[in-house]
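Peer 1: With the UniProt record's numbering, letter number 162 in the sequence shown gets 162, and the count goes up by one each step, no holes.
One thing to keep in mind: the hints can contain errors.
Result set (DMTMM-like, lysine to aspartate or glutamate): computed pairs, CA atoms no more than 20 angstroms apart in a straight line [to be verified]:
no., residue 1, residue 2
1, K251, E55
2, K6, E48
3, K251, E170
4, K251, E175
What follows is a list of derived Cβ distance ranges for each label pair [unchecked claim]:
no., residue 1, residue 2, range
5, R259, G180, 29 to 39 angstroms
6, D78, E224, 19 to 29 angstroms
7, G9, W253, 16 to 26 angstroms
8, E48, L228, 19 to 29 angstroms
9, R82, Q226, 44 to 54 angstroms
10, P130, E224, 43 to 53 angstroms
11, L228, G33, 42 to 52 angstroms
12, G9, D69, 24 to 34 angstroms
13, D42, L208, 39 to 49 angstroms
The hints are simulated quantities; they were obtained by calculation from the structure and are not laboratory data. Here the structure is a predicted model, which means the values were calculated and not measured. Beta carbons are placed, not taken as given, at the ideal position from N, Cα and C, and that holds for glycine.
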Amino acid sequence: MQRDTKSNGRVALVTGASSGFGLLTSVELARDGYTVFATLRDTTRRGELDEAAREAGVEVRVLRLDVTDEASISSAVDEVLRSTGRIDVLVNNAGYTLDGYFEDVSAAELREQFETNVFGLAAVTRAVLPAMRQRGEGTLINVSSLSGRNPGPGYSAYCASKAAVNALSESLREELAPFGIHVVLVEPGGYTGTNILRRNRRLPALALDPSSPYHRMTQALEAEMQGLAARPKGNPREVALAIVEAANDPKAWPRRELRAK
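Just need the whole structure built from these sequences, with the hints factored in.
Peer 2: Here it is as structure tokens:
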């Protein structure tokens, strides 16, 4: 049953909302009174999101948006603007983790990691900025990772992509400030209770090849990841609530690190 949630008149667009932080953020923004457009690359995977919205008693509008497809991005952004005339908040959450040691990661796999995590984020941002500039206000919230500042072995491609997101976000903060647009960087780390260790995690094709010089190291990394997934750490809703806080008061903190406890 949908509860009586008072609208705050603001519109939020969230990418990567089929699960994890994106799903939770979509629901919490709707609970806070936002008109939420939650986007998924594959809308047939909307079941978990729909169920979460029903349980919370809120409405979340679902759109298809593939951050690596310019036509898909334009279509989704145009639909939001046609429906509401505005986008107040963009939450760039779509992404995945490419594990594996650098030599096992092919050039194509490295590019694909950056296409989604960096260039996809940039493309969606580019699509919403004209409407925000025209209104003289808006908030971009980029979901990065502590791995972008504290990289480690075994997922160099992912760490590099998140470091790029960090640098882009901090540069955009200065570039867009004259137009009344705020940029917030949210950096969660260690939240193993999300689907990132299962659904949103990939391995390069060579990662489990016994001929790889990194084979034993990869096996050890896999065992560690499976152990983490089996023992969820941290409440991912903390991240969603932090994003809502940032949406409501982006000047309070332009960057926030969130470590799972």
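Peer 1: Look at each hint and say if it fits the structure.
Peer 2: A quick look at each hint next to the structure:
{"no.": "1", "hint": "K251 / E55", "result": "violated, 32 angstroms"}
{"no.": "2", "hint": "K6 / E48", "result": "violated, 24 angstroms"}
{"no.": "3", "hint": "K251 / E170", "result": "holds, 14 angstroms"}
{"no.": "4", "hint": "K251 / E175", "result": "holds, 15 angstroms"}
{"no.": "5", "hint": "R259 / G180: 29 to 39 angstroms", "result": "holds, 31 angstroms"}
{"no.": "6", "hint": "D78 / E224: 19 to 29 angstroms", "result": "violated, 44 angstroms"}
{"no.": "7", "hint": "G9 / W253: 16 to 26 angstroms", "result": "holds, 24 angstroms"}
{"no.": "8", "hint": "E48 / L228: 19 to 29 angstroms", "result": "holds, 21 angstroms"}
{"no.": "9", "hint": "R82 / Q226: 44 to 54 angstroms", "result": "holds, 45 angstroms"}
{"no.": "10", "hint": "P130 / E224: 43 to 53 angstroms", "result": "holds, 44 angstroms"}
{"no.": "11", "hint": "L228 / G33: 42 to 52 angstroms", "result": "violated, 35 angstroms"}
{"no.": "12", "hint": "G9 / D69: 24 to 34 angstroms", "result": "holds, 30 angstroms"}
{"no.": "13", "hint": "D42 / L208: 39 to 49 angstroms", "result": "violated, 26 angstroms"}
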